[in-house]
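*Asks:* Protein chains in written order, with my numbering: chain H, 1 to 208; chain Y, 1001 to 1645; chain S, 2001 to 2268.
Honestly, the hints are just simulated from the structure, not real lab data.
Do not take every clue at face value.
Where chain S lies over chain Y, by a calculated footprint (3+ residues, C-beta under 8 Å) [said to hold, decoys possible]:
| id | stretch |
| --- | --- |
| 1 | 1041-1052 |
| 2 | 1151-1163 |
Facing chain H, from chain Y, some residues (calculated, C-beta under 10 Å) [what the hints assert, rightly or not]:
| id | residue |
| --- | --- |
| 3 | V1019 |
| 4 | P1020 |
| 5 | L1249 |
Coverage of chain Y stretches by chain S, computed from C-beta distances (three or more under 8 Å per stretch; other residues unrestricted) [what the hints assert, rightly or not]:
| id | stretch |
| --- | --- |
| 6 | 1106-1114 |
| 7 | 1282-1289 |
| 8 | 1418-1431 |
In this text, a Cβ means the ideal position worked out from N, Cα and C, and glycines have one as well.
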Amino acid sequence: MESASVGLGQAPPVSEHEHHGPPLANQSSRVDPQFLGMLLFIISEVMLFGAFFTAYFFIRVVNGDAWPAQGDELPKLVAGINTAVLISSSFTMHWALEGARNENRRALRAGMLTTFFLGLTFLCVQINEYVHIGFAPHDNAQGTIFYGLTGLHGAHVFVGLTLLLMATIRSYRGHFSAKEHRGIEIPGIYWHFVDVMWIVVYTTVYIL
Amino acid sequence: MTLAGRFRGPGWYRAALAVPLAYLFAMGLVVAVRALYGWDPLLDGKAIMTVALVAMPLAFLVGIGCFDYWFYWASGRPTREEDHSSHGATSWRSYFRVNTDHKVIGIQYICTTFFFFIVAGLLAMLIRAELAQPGTQFVDPNTYNGLFSVHASVMIFLFIIPVFAGIANFVVPLMIGAPDMAFPRLNALSYWLLPTAGVMMLASFLAPGGAFATGWTAYAPLSTETPMGQQFFTIGVQFAGASSIATALNFLVTIITMRAPGMTFWRMPLMVWAQFTTSLLVVIATPFIAGSQFFVLLDRSLGTHFFSTGTGGDVLMYQHVFWFYSHPAVYIMMLPGFGIISEVISTHSRKPVFGYRMMAFSLVAIVILGFTVWAHHMFVSGMFSWLRVPMMITTMLIAVPTGIKIFSWIATMWKGAIHLRTPMLFALGFITMFTLGGISGIMLAVIPVTIHVSDTYFVVAHIHYVLFGGSVFTIFAGIYHWFPKITGRMYDETLGKVHFWLSFIFFNLTFGPMHFVGIDGMPRRVADYADKFATINLFISISSFLFGLSFLIFLYNMITSWRNGPKAAANPWRAHSIEWQVSSPPPIFNFDEIPTVVGGPYEYGVPGAVHAVFGDEKRKTPSPAGTVGATAGGGAQPPPESQIQ
Amino acid sequence: MSRALRRRPVLGMALVSLIATAVGIAIVLNINWFPVQASSASTEIDTLYDVLLIASVPVFVLVMAVVVYSVLAFRVKPGDLSDGAPIHGNTRLEVIWVTIPFMLVSALAVYGWVVLDDIEAKASNPLVVDVRARQFAWSFDYPGEGKVSSDQLVLPKGRPVEFRIHTKDVIHSFWVPEFRLKSDAVPGLTTHLRTTPTRVGRYHVVCAELCGIGHSTMRQRVMVVPPAAFGRWLSHKKATGGDKSDAGGDTASVTPGVGYGAAVGGLR
Ligand code: HEA
Ligand code: HEA
Ligand code: CUA
Ligand SMILES: [Cu+2]
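Full structure from sequences and hints, please.
*Replies:* Shown next, in the form of structure tokens:
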């Protein structure tokens, strides 16, 4: 980093009329920048899941071993109920957003809170499942990728919950309005993504 | 400021405090978990190091202040009015703190990455010293493996990929008429992730068992068995990858939503197109290397079985996942260079880019094709044999869009008014050497040939022809081209030309002969080789030292010119694109007023053609763009001031 | 440059390019690129490589000709403020430089495919050799010839061989440069290579995939011997309980360390 210290004469020439901020950027697209940013982030998240699904494909399809490994059992039913819990949280999320759009503070707060707790329930059930499932990630490759995919998804639920928590706190502090609700909308998109991803994980790992 | 205040506020003090704390935290966490499970011993050095490798960089980022604003936001306090306190540079100190100005970040990027280039280049000098003679001279085989692994990883993840992001950071917002990037704080975070990744990779030399020694490709299962050093790569790559995803996302959003009025996609400079397509590649492909390294990390530290064949794992899966990123990565390392070359050749030949639309389409074609060729790195790997021929065909088809670019560049020069300045020389050197490197790539794509030359010095020659003769030459071209804009000073033209010729000659003397030794039977990644290759390797080594020394001229030129070079005019090349219409260096917020784009960016020779106009040019405000008239003007191209509509 | 050429630059360039191409091809074909040809695959691969060279030279020459000519003809003095001709494109040209490279690479790909099929064709009654890699050595088993195992690869000239490549630990790569053949040894997989040795001589099998500290030195001898000598070597191996790869068994017939001529001569 030596060479960084060379650029002394860097103070930009101050123009006659003082500017206190940048000029307003031109909006060259109807898409909201934060929305677009979240969308692109989700694309790259999908690809990360793609990498894990590639591993799943090789372990299960290319190598053709039993799934799950001999003697192991996947709790389809509990996980199915858990799926329902997570999916319903998508609806409560939407409810909260509608609340913000309609200046309905109660709906907003209640929606955020239920979403948060539904997500938390999902995570707890998932952890409980790990405790009782009877095989470990280091038992065999099937176990590895089972924990790999559900764990990766769990990590996303955790991140989503963190975002939701912030949005919930802010909604209780009186933020968000019909005009300004991006702070709900953006974490909401992420949350919907987490839900959809779970449906894919659930179908491939538990059902198929 | 009080001492306590220094430790509380963002900056180096707080970072210096946070990093050791993170180490203690890692220790505590490991001890706690191990106590919980009743494992012995409680203090497991490897586990602590692994956790610390994640915790310490994060702590550094928190300490230096990358997250302050977000923490503030997340805690739910009323949003603070943006005060731009972290924007812009007032002294050299501004470059050593979290800064949200894309121009400052661009310079931070460029200087940091060149630092890493020098380190990785010096490692290459050690490689060549060892290879000067058969047998063991300076380093033992394990250290040697570490040398080329770190050399390649640092070159790729901390030089080529981020330096392009740095150059684009500086020029792209200016080119599209945006006051900054879309997410300035994310931009700062992307930058600060880099030094952490770089320091981590270099620090691996201090790890017990030496640096990671499995090549930059880190094939499993070797990488799941080697000592601790591997962890530094596995985790370091995650930080570098996160950095490039974040920047790419930022570029995409900036280019899509912040273009000046009138700047349609078909009026964007090709540099912007290149950055756009590259960023798409990064966003889509980079998660795959993250995935591959997660697998290795999990196999190493939790004993999972992604790659253990006995229990159902699959070794080739690593290669598929790795190359699904790393082939697109080679275009991540080349497309921004293509953008730079389009700017340089058009500007210094004073002619419109030939076939502008095809140039943009070919970038898109390369992106799409780039995702369908990954297995050409696996022709001898024992993968599904039916996949080889389709991959050979798609790989060879990439010659077509790439050919469009090469041919369009040379057609751009045709009937131009060519100024053979240093950036132009590097552009021509690039065309020469990239064509050679591309042709050796086509040969590598032909399976029967690869069966023989894969994993030999023929591949090493290909790598350096496309990466040094290709990417690095475009980087040099770009640095010289925008040096006046970035620093406000002119570089020394004579030294620049000397630098070019020495590099060009010694580059070819260094890497050209590698084709011969490779075909003749010398494998890559060896510290020792058969005696019959001794003479030619000695020759390569000597050339490489001279080649390395030629870089000193560049370094000297850059440093002295930045300090005392003659002041640069706003538009020394009389170019049309927007970044040249503001002062050199550009004003703190880029523009007083966003310009309006009224035509293509390369309308050289078209009488009266203008790319962009600035709002109230009638009043002739002494706007920062006021210096333009000093040198620009005359010829068919009137200076921008007089281009009042 | 003569005046006539200056007036008709394209013609002149075509002429210069033609000459440069001819010279270039002559040069690259005269370079002795490869090690000796010792297998049936090697001739085909070398020819393929020569064809690739012949196809590449004109491409490179063409690019360079335009670059050099442009620099010579269109360069201006530093102070010159003029602009180039405002040419934005030319559809016919663009179509040409899409189609010709497309056809060229397609043709090369097809040719490559044909050669690939050829060199991988199954032969009848091959000599099967199990190549076993480990960190950092090779061993070779001959399952069809009794329990013979050796730490040097001995092959009879003229008989098709099928290598079945295994590894005990990490990935290695089996490569005999003179055979032009290479295949990784992959944990959990068996990979295959087929060829026919065509030249008596002493070569090396080289590990071509980074496999750890000893990767550089993971090289062992390959001997291609006349069929009769191979038979003698086999029976000698069997007689000495050849599954233990003791150096004595090898020296008796193929004599490593003694010059190539002596060894092969002794075998004859
Ligand atoms: C900047 C980086 C970069 C770029 C741009 C390329 C470009 C190409 N590469 Fe390369 N490649 C690497 C970096 C790069 N490569 C690296 C780092 C490795 C080694 C990885 C490792 O193992 O460590 C590698 C390895 C590699 C292999 C695997 C070798 C092996 O390990 O066995 C192959 C095989 O197909 C290959 C092919 C190609 C092809 C076909 C192109 C094409 O895109 C080239 C296209 C360009 C042209 C063809 C020239 C211009 C075109 C014309 C003038 C038109 C007319 C031309 C014709 C008709 C031929 N590359
Ligand atoms: C962007 C990528 C990049 C760049 C720029 C370089 C630059 C160089 N590389 Fe590298 N290289 C790779 C990417 C790159 N390389 C990759 C991907 C591999 C494969 C690794 C693997 O197998 O996993 C590789 C492998 C590789 C090998 C093969 C190792 C092996 O397989 O065993 C060799 C051997 O000669 C080599 C040499 C060089 C040299 C001499 C330079 C020179 O160009 C460096 C010049 C720069 C400097 C010297 C520094 C600056 C100079 C000064 C500060 C002046 C002082 C100088 C002196 C005192 C001499 N490289
Ligand atoms: Cu075995 Cu390299
Ligand atoms: Cu590739």
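*Asks:* Checking each numbered hint in turn, tell me which of them this model violates, lowest number first.
*Replies:* 1, 2, 3, 4, 6, 7
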